[in-house]
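Chains R and V, in that order, give the protein sequences.
Taken in order, the first sequence gives residues 1 to 113; the numbers are from this note's numbering.
Taken in order, the second sequence gives residues 1 to 113; the numbers are from this note's numbering.
Read the hints as simulated data drawn from the structure, not as lab findings.
Accuracy of the hints is not assured; some may be wrong.
To be verified - Some but not every residue of chain R turned toward chain V, in silico, with C-beta under 10 Å:
id, residue
1, T28
2, S32
3, Q38
4, G43
5, L44
6, Q45
7, T51
8, K56
9, F89
10, M93
11, T99
12, A100
13, I102
14, K105
15, G106
16, L109
The structure displayed is predicted, hence computed values, not measured ones.
For each residue, glycine too, the CB sits at the ideal point set by N, CA and C.
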Amino acid sequence: GDSVTQMEGPVTLSEEAFLTINCTYTATGYPSLFWYVQYPGEGLQLLLKATKADDKGSNKGFEATYRKETTSFHLEKGSVQVSDSAVYFCALMINQAGTALIFGKGTTLSVSS
Amino acid sequence: EAGVAQSPRYKIIEKRQSVAFWCNPISGHATLYWYQQILGQGPKLLIQFQNNGVVDDSQLPKDRFSAERLKGVDSTLKIQPAKLEDSAVYLCASNRDRGSPLHFGNGTRLTVT
Chain R
1 GDSVTQMEGP VTLSEEAFLT INCTYTATGY PSLFWYVQYP GEGLQLLLKA TKADDKGSNK
61 GFEATYRKET TSFHLEKGSV QVSDSAVYFC ALMINQAGTA LIFGKGTTLS VSS
Chain V
1 EAGVAQSPRY KIIEKRQSVA FWCNPISGHA TLYWYQQILG QGPKLLIQFQ NNGVVDDSQL
61 PKDRFSAERL KGVDSTLKIQ PAKLEDSAVY LCASNRDRGS PLHFGNGTRL TVT
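Isolated chain R (complex conformation) (with noise of 0.2 Å):
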């Protein structure tokens, strides 16, 4: 069945740091992906999306290029905030089948300054 692996966490980093968390999918279809964010208290909440293949998806300094060939859709940031601190979610969406959203487990980002 469709599903989404994500690295596991806890990643611990220093302010500016470079942030890499790994995500990779398995779809019967053709899906759109995406990354949803949790911080402390709050909501998830949708980071960034890319609907088809090598589109990049882009926000508040992070970026994932979708990858058919390699059937990935990797979260990076090039220089971590304290603020970023959060949990984060790689998910994906079949799109001709209108199905619900399939989530990884969450990686849990702490940033120390």
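Position chain V relative to chain R; hints supplied.
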């Protein structure tokens, strides 16, 4: 626009008791979802509505869980009787149409003792 509203924010019950959660989606959003997020895991779909019809309830434990979306707007999710393993955050989400990003409420944190 107003976001997805959920209540209550927190609920503590004893096992074998019943509980109900309420969700009001964003105005105009035809599709509504209920997710269960167990601590340390990604959200898992329980049920998906399109207007007031059920699209997918394959992962809903129907012996104890029920959900309805009367008039295609608000929705309630009920658990009766609750088990210890039902302790989780219950998230409601909505989107306007197929393929569009989901908007999440802040969730209801359920503790079953």
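Practice prompt. Could you check if K56 of chain R really has its C-beta closer than 10 Å to a C-beta on chain V?
Written response: violated (16 Å)
**Request:** So, F89 of chain R near chain V? Judge it on the closest CB pair being under 10 Å.
**Result:** holds (6 Å)
Against chain V, run the beta carbon of K105 of chain R and see if the smallest gap drops under 10 Å.
holds (5 Å)
Can we keep the I102 of chain R interface hint, with Cβ of chain V closer than 10 Å? holds (8 Å)
| message | Restraint: A100 of chain R near chain V, CB-CB cut 10 Å. Satisfied or not? | response | Hint on A100 of chain R: holds, closest Cβ of chain V at ~5 Å, below 10 Å.
Q) Hey, does the T99 of chain R contact hint survive, CB to chain V under 10 Å? A) holds (7 Å)
For the hint on Q45 of chain R, does the least C-beta distance to chain V fall short of 10 Å?
Holds, because the Cβ-Cβ distance from Q45 of chain R to chain V comes to roughly 7 Å (cut-off 10 Å).
Given Q38 of chain R as an interface hint, is its Cβ closer than 10 Å to any Cβ of chain V? OK, holds: Q38 of chain R within 10 Å of chain V, min 9 Å.
Check your understanding: Once the shortest beta carbon distance from L109 of chain R to chain V is found, is it less than 10 Å?
Key -> Because about 15 Å separates L109 of chain R from the closest Cβ in chain V, which is outside the 10 Å limit, the hint is violated.
Check your understanding: Does the nearest C-beta of chain V fall within a distance shorter than 10 Å of the C-beta of G106 of chain R?
Key -> The hint holds - G106 of chain R has a Cβ within 10 Å of chain V, the shortest such distance being about 5 Å.
Interface hint status, M93 of chain R versus chain V (Cβ within 10 Å)
Status holds, d = 7 Å.
Checklist entry - Any CB of chain V closer than 10 Å to the CB of T51 of chain R? => result This hint holds: T51 of chain R lies near chain V, its Cβ roughly 7 Å from the closest one there, short of 10 Å.
Checked against the numbered hints listed earlier, the structure breaks hints 1, 8, 16; every other hint is satisfied.
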